[in-house]
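Given next are the chains, with one letter for each unit.
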Amino acid sequence: METLTDLGLYYSQNMGYVWEQFFRHFLMSAYGVLLAAMVAIPVGIVIARHARLSAWVISLTNIIQTVPALAMLAVLMLAMGLGANTVVFALFLYSLLPILRNTYTGIRSVDRALIESGRGMGMTKFQLLRMVELPLALSVIMAGLRTALVIAIGIATIGTFIGAGGLGDIIIRGTNATNGTAIILAGAIPTAVMAVVADVVMGWFEKLLSPVKGKKTDKMEKTA
Amino acid sequence: MVFKIIKKPFIALLLVTTLLSGCSLPGLSGPAEKTVTIGTLGTAESAIMGNMVRLMIQHYTDLQTEMITNLGSSTVQHEAMMSGEVDITATRYTGTDLVGALGMEPITDPDKAMKVVKREFQEQFNQTWFDSYGFANSYAFTVKSELAEKENLETVSDLEAIAADLRLGVDSAWIRRPAVGYDSFIKKYGFEFGRVFPMSIGLVYKAVESGEMDVVLAYTTDGRLEAFDLVTLKDNKHLFPPYDASPVARDEFLEKHPELRDVLQKLAGTIDTEQMRKMNHKANVKMKEPKLVAKEFLEKHNYFE
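Protein sequences appear in the order of chains A and B.
1 is the number of the first residue of the first sequence in the numbering used here; add one for each residue after it.
225 is the number of the first residue of the second sequence in the numbering used here; add one for each residue after it.
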């Protein structure tokens, strides 16, 4: 109970500061995922066409995923120094696997018959990709971005150890203060909320972009 | 064929790496040329002073600022300065860096210690050690104010008559420390305490407040001295080296932005140990963020006029 009143006191005093860190935390996570998308989506498309290459690339990103976050940050810190950029790069590396694998799966699971008919209509390779494969795979790719973002928000918390700021700063400060429980919660709750909201919003996008299901239900509702 | 396929992602990866290491991401970091990077330790005290330096720079110059927080120790601060990742470190303590970064013998005279670090940092590292903020975060023997009044205690030597009946609670790291540890204490002051209990430094405040200890060795700027109504005793025989706090900046950066020198000098000699203790109390016990504590202090003392 006392912790709750402390928590209220903390927020009433420091709301502006919490927002600032919240925003910074989100930016770090979002940059990491966006940069990873820039790399992983094209690579995913390429490996979807070259089955032998896919095994290699996916196991490489798998290996990256197994490195513990703290160790990853420590190693990157030696190469890139302290600060937010290093954290963004670590998040970039962790986001590669979910996005890459989902792009790969998304493209591979497009019905062969659709591709054949597209080809039959005289579509070029690029047209096939743009007009058939990508629209059909988009929701699966989105699911990859969703997973990546939720993971990134969690990992960004330990960015505080290399001086990057974010909500982790508040949590660590709580561990150093006299009665820090309330401060720890004050940092942990927004982090959890951010992850949940990101998951819900991205899930909504995913549904929106799903070409088959969305339209079917639309039509069914209209006819009903 | 395979090479062609591998090339593309490889180039993209290279692009991302160079983008990140060289440039800036909007909202996270500014352009390197016009940005001051301020490093602080994980303590509230360091965070408060770092934010003060930051707010002053933002107010008086048009430089952008960035904070690297939670640096693990004084040594980490020093390394970050040497590698150029940090331009200013907000809290450096004379006693710590004299032994740590410079690897010299401790000096007990505060003025002499300050002179030595100023000279040596300039010569060895091309860094400017500024005048102290005015507070020192050193060890001090601390008692409850009731005991101090009853036994009329002001200095450590005043404890001598009653020391045999007292329980002393100390930081377990301190006891065996060469030159300043318990052995040196006995040698210098010529008496011993009845019983000595080594413990984690974080526990000593509560221990003396609750009456489980009679005397503890505490940090002089800790906010809990304020909260628990404790009194520090004067180290009249100069056992402990001084730990006066100052900002330190890289000369290379000061040459590019000479206006910084004046800004940092404005903070010199303005915050005494008592004021720092109050600010630490606000941050650690009253849960106000160091940034806001710093801002409040600067506004209250008219630094922005």
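Hints listed in this document are in silico derivations from the structure and should not be mistaken for laboratory results.
This one's a predicted model, so the numbers in the text were calculated from it and none came from an experiment.
Any given hint might turn out to be false.
A short, non-exhaustive set of chain A residues, derived as facing chain B with CB atoms under 10 Å [stated by the list, open to error]:
1) Q13
2) F22
3) R24
4) N85
5) S109
6) S117
7) G120
8) M121
9) T160
10) G163
11) P190
12) A192
13) V201
14) G203
15) W204
Here are the simulated distance ranges between beta carbons [unchecked claim]:
16) A:V201 with B:S307: 38 to 44 Å
17) B:Q499 with A:K207: 31 to 37 Å
18) A:G203 with B:G327: 31 to 37 Å
19) B:E436 with A:A74: 37 to 43 Å
So, partial list: chain A residues that the calculated Cβ filter (under 7 Å) puts toward chain B [unchecked claim]:
20) G8
21) Y10
22) Y17
23) A30
24) Y31
25) L82
26) A84
27) D169
28) T175
Don't be surprised by glycine CBs; every beta carbon is placed ideally from N, CA and C.
- Restraint check, 10 Å cut-off on beta carbons, for N85 (chain A) near chain B: holds, 5 Å
- Query: Honestly, do E436 (chain B) and A74 (chain A) meet the 37 to 43 Å range at C-beta?
  - Reply: holds, 39 Å
- Let me know if the C-beta of A84 (chain A) comes in closer than 7 Å to any C-beta of chain B, holds or violated. holds, 4 Å
- Under the criterion of a CB-CB separation shorter than 10 Å, is V201 (chain A) in contact with chain B as hinted? Check failed: Cβ of V201 (chain A) comes no nearer than 19 Å to chain B, outside 10 Å.
- Message: Less than 10 Å between beta-carbons is the criterion; does S117 (chain A) satisfy it with respect to chain B?
- Response: Interface hint status for S117 (chain A): violated (27 Å vs cutoff 10 Å).
- Item | Interface hint compliance - A30 (chain A) to chain B, C-beta minimum distance less than 7 Å | violated, 10 Å
- Query: Taking the least C-beta to C-beta distance, is W204 (chain A) closer than 10 Å to chain B?
  - Reply: violated, 24 Å
- Using 7 Å as the Cβ threshold, decide whether G8 (chain A) counts as touching chain B. violated, 11 Å
- Message: Can you verify the interface hint for G120 (chain A): is its Cβ closer than 10 Å to any Cβ in chain B?
- Response: violated, 27 Å
- Query: Measuring from the C-beta of T175 (chain A) to each C-beta in chain B, is the shortest one below 7 Å?
  - Reply: violated, 9 Å
- Query: How about R24 (chain A): closest beta carbon in chain B under 10 Å, or not?
  - Reply: holds, 7 Å
- How about S109 (chain A): closest beta carbon in chain B under 10 Å, or not? Violated - the Cβ of S109 (chain A) stays beyond 10 Å from chain B, reaching only about 22 Å at its closest.
Violated hints, in rising order: 2, 5, 6, 7, 8, 11, 12, 13, 14, 15, 17, 18, 20, 23, 28; the structure is consistent with all others.
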